[in-house]
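Using the sequences and the accompanying hints, generate a full structural model.
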Amino acid sequence: MSNIAEAFNNKKAFIPFITCGDPDLETTKRIVIELEKNGADLIELGIPFSDPTAEGPVIQGANIRALSNKITTDDIFAMVKELRNTVKIPLVFMTYANVVFSYGMDKFFAKCKEIGMDGIILPDVPFEEKGEFDAVAQEYDIDFISMIAPTSEDRIDKIASEAKGFIYIVSSLGVTGTRTEFNSDIASLVKRVRMNTKVPCAVGFGISNPEQAAKMAGISDGAIIGSAIVKLVEKYKSDAPAVVGEFAKSIKEAYHAS
Amino acid sequence: MTRIKLCGLTREEDIKIANDLKPEYVGFVFYDKSFRNLTKAQAKKLKGLLDPQIKAVGVFVDVPVNEIKELFAENIIDVAQLHGHENEAYIKELKANNIPVIKTFQADLPESILLAEKSSADMIMFDTGKGGGVQIKNLESLTQLKRPFILAGGLDPENVSKAIEIAKPYGVDVSSGIETDKLKDTYKMKQFVKAVREDKKMADSKGRFGVHGGQYIPETLMNAVIELEKAYNHYKDDPEFNRELTDLLNNYAGRPSLLYYAKKMTEDLGGAKIYLKREDLNHTGSHKINNVLGQALLAKKMGKTRLIAETGAGQHGVATATAAALLGMECVVFMGKEDTERQALNVYRMRLLGAEVIPVTSGTATLKDAVSEAMREWTSRIDDTHYCLGSVMGPHPFPTIVRDFQAVISKEIKEQILEKEGKLPNAVIACVGGGSNAMGTFYNFIEDKDVRLIGCEAAGRGIDTFETAATVNTGRVGIFHGMKSYFCQDEYGQIAPVYSISAGLDYPGIGPEHAYLHDIGRAEYVPVTDDEAVEAFEYLSKTEGIIPAIESAHAIAYARKLAPTMKKDQIIVVTVSGRGDKDCAAIARYRGEDIHE
Chain A
-3 MSNIAEAFNN KKAFIPFITC GDPDLETTKR IVIELEKNGA DLIELGIPFS
47 DPTAEGPVIQ GANIRALSNK ITTDDIFAMV KELRNTVKIP LVFMTYANVV
97 FSYGMDKFFA KCKEIGMDGI ILPDVPFEEK GEFDAVAQEY DIDFISMIAP
147 TSEDRIDKIA SEAKGFIYIV SSLGVTGTRT EFNSDIASLV KRVRMNTKVP
197 CAVGFGISNP EQAAKMAGIS DGAIIGSAIV KLVEKYKSDA PAVVGEFAKS
247 IKEAYHAS
Chain B
20 MTRIKLCGLT REEDIKIAND LKPEYVGFVF YDKSFRNLTK AQAKKLKGLL
70 DPQIKAVGVF VDVPVNEIKE LFAENIIDVA QLHGHENEAY IKELKANNIP
120 VIKTFQADLP ESILLAEKSS ADMIMFDTGK GGGVQIKNLE SLTQLKRPFI
170 LAGGLDPENV SKAIEIAKPY GVDVSSGIET DKLKDTYKMK QFVKAVREDK
220 KMADSKGRFG VHGGQYIPET LMNAVIELEK AYNHYKDDPE FNRELTDLLN
270 NYAGRPSLLY YAKKMTEDLG GAKIYLKRED LNHTGSHKIN NVLGQALLAK
320 KMGKTRLIAE TGAGQHGVAT ATAAALLGME CVVFMGKEDT ERQALNVYRM
370 RLLGAEVIPV TSGTATLKDA VSEAMREWTS RIDDTHYCLG SVMGPHPFPT
420 IVRDFQAVIS KEIKEQILEK EGKLPNAVIA CVGGGSNAMG TFYNFIEDKD
470 VRLIGCEAAG RGIDTFETAA TVNTGRVGIF HGMKSYFCQD EYGQIAPVYS
520 ISAGLDYPGI GPEHAYLHDI GRAEYVPVTD DEAVEAFEYL SKTEGIIPAI
570 ESAHAIAYAR KLAPTMKKDQ IIVVTVSGRG DKDCAAIARY RGEDIHE
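Protein sequences, first through last, are from chains A and B.
Heads up: the first sequence begins at -3 in the numbering used here, then just goes up one per residue.
Heads up: the second sequence begins at 20 in the numbering used here, then just goes up one per residue.
No false leads were slipped in.
Pairs of lysine to aspartate or glutamate residues, derived as EDC-like cross-links and limited to a Cα-Cα distance of at most 16 Å, are as follows: (1) Lys209/B / Asp102/A; (2) Lys209/B / Glu135/A; (3) Lys59/B / Glu93/B; (4) Lys66/A / Asp509/B; (5) Lys561/B / Asp287/B; (6) Lys282/B / Glu440/B; (7) Lys77/A / Glu110/A; (8) Lys213/B / Asp102/A; (9) Lys207/B / Asp102/A; (10) Lys213/B / Glu135/A; (11) Lys66/A / Glu510/B; (12) Lys114/B / Asp141/B; (13) Lys319/B / Glu248/B.
Which stretches of chain A does chain B cover? Using the computed rule of at least three CB atoms under 8 Å from a CB of chain B, they are: (14) 47 to 55; (15) 93 to 100; (16) 110 to 122; (17) 146 to 156; (18) 160 to 171.
If you are wondering where the hints come from, they were derived from the structure by calculation, not from laboratory data.
We put the CB at the ideal spot given by N, CA and C, even for glycine.
Right, dumping it as structure tokens:
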């Protein structure tokens, strides 16, 4: 069983996302610790990219803030290494193909393993292109997380049957960011995924509050929250860790209530 | 699958790594002038440690044949590789003793190919270089070979994929390419094997030009590009579609465009004869209309009612807005905020044509950000919307579709120049940002090896400054905007802010087919600075009475350098991709004059 499976073991997972280095790495570290303390089951750590084409304005902004602080991939590796002294829950990186490719595929995944990462999400690497990344990731026991979208249709079967770690179900069309409603039929997406794999699936994109999170986790194995948290970080800056911790707590309470 | 031979292993640890990497062959060198030379005893020990699935090849230079027989009989080697002047009788004697033979030939000797084809050796090996890296020219000649061969000489983890792509060998042999300080380097050995085995991993990937291209886009868009590819494959050979498109090109866009003999320019430069391919005379004032009419018609057949597009200088935006107006479709154009300011006239034209223009403020607020924003928009609205990409870039099938629609440029050049001159040009020149007019200009000449293909990149303030957009000259391979290709980027893969006076060339990447033509040495990509382009802009206006777009002026600038170095009976064709009205205010500002339109 991969370490990631632990996050879903007999529970609905709460998966927060934050962009590393926004507003600075020290705050990122404190947020991760608060998130774990308040019940996060797995954390997605964003390595900033100059041109994040799958992100809405909120996470784009976080990427730009982090990069203007001159945060590099190596700085983030060093931060995770330190965090791993205390943080035990699974951690996955979320970034873009060029960040990994340019670092050197082998070097990147070797480093991931060394510092204790468990998986990677690359929103601009679909099933057809995953081979060159996944082959190396596997060597270093890093799970390459696949995404399934409302438009995936007949692609669902093949994506699901090769999936590792967990499956990231994209709730609706468009980029990341908060939404008031979800028009696609997520329950039937989940159902089709489950016909092909035992790998758990979590829903993300647009989930912003405890009610939505509990509802999405209810029809799948977990909920991913990104932009809503990044907004809090943007607003509270170095005071964000406590606020984000409170937010995480409210999510887990909503899980238990439903 | 390409076989691998890791040659010149000397230590026990080398064998351990080979056992992990599982090449088909390893090589033991028995040649006392080599620092990799092994004694019989050393080789015997290494062979004992070698995974029996891996064959040990003994490498020899003119040794008495009995030495080989002995090593084979004692099971120290499984194959003999002959590097000296061994003749047919020698090879036959080994074969008579059931010893498989590999005979090596020097790829740079013209007689090698014939000799190799006749050789009775079980396998032949071509040595392409003497340590100076792989020579592309030598590799191309190997494709004439009518029997399988192993490629050797100058290979390393960086160049091996390219070499395989071009020479298509049965196997590859490497020795110094996996060494550091004359010893085998574990990391390099791993990287080499990985690079060769890559073929298999990329099996699912579509739209490759060598290593470049592919479909690096969010899952949400995958079915949209698959649907587009299917529709394109269907309609590109559909007579009705082609009849409609040709009718639009000829009776609406004004094709064929003129091939104009620039007599005054030719005389002034005093060298090669210069012809201008006048894409600036097309309706809407640039080559962009060729692609847009094709894509808009395709989108309409697919039942789409809305076109979205990115634009840099505004020429592609104007063309898209035009096609949308003509075909009764909705149109939204994304344009970097900075570009909306330096190309205000084109913004007005698009709005006049009924399009909505959305200024993009993210990132550097230029063409790259306009592409990103158009992609984001397409992710959120796919059903009724076609993304009308303006260059030979982005995810497959766009680079192919746009190339095919722009190939009309070189098709016409070929017909027109044969009619006027009775021969092909010596060089064709075009400016390159993403590279659509250049790809259109090159495409029908790719197989005509004597025609030089020259792309002019925007060097901005110079390729040794940070203010440049010369991707091939300053970038490296990366993945962005749906494709693998060359990109200007920093050491961590962050896309670099690029700069050029020309909004249309101000892009940090280049189309994947150009990247490939560069890799195989078929096309040349030269940098042209702002200053040179502005001078050419003024030069062509004064000399020929033709005001070129500042983008096209980059190609004119290089023609001015090249023509005087050529003979008078040689011919250059320069594509004038667009007209320069849109640039007049900006160039005036560049010259310190503020004009109000």
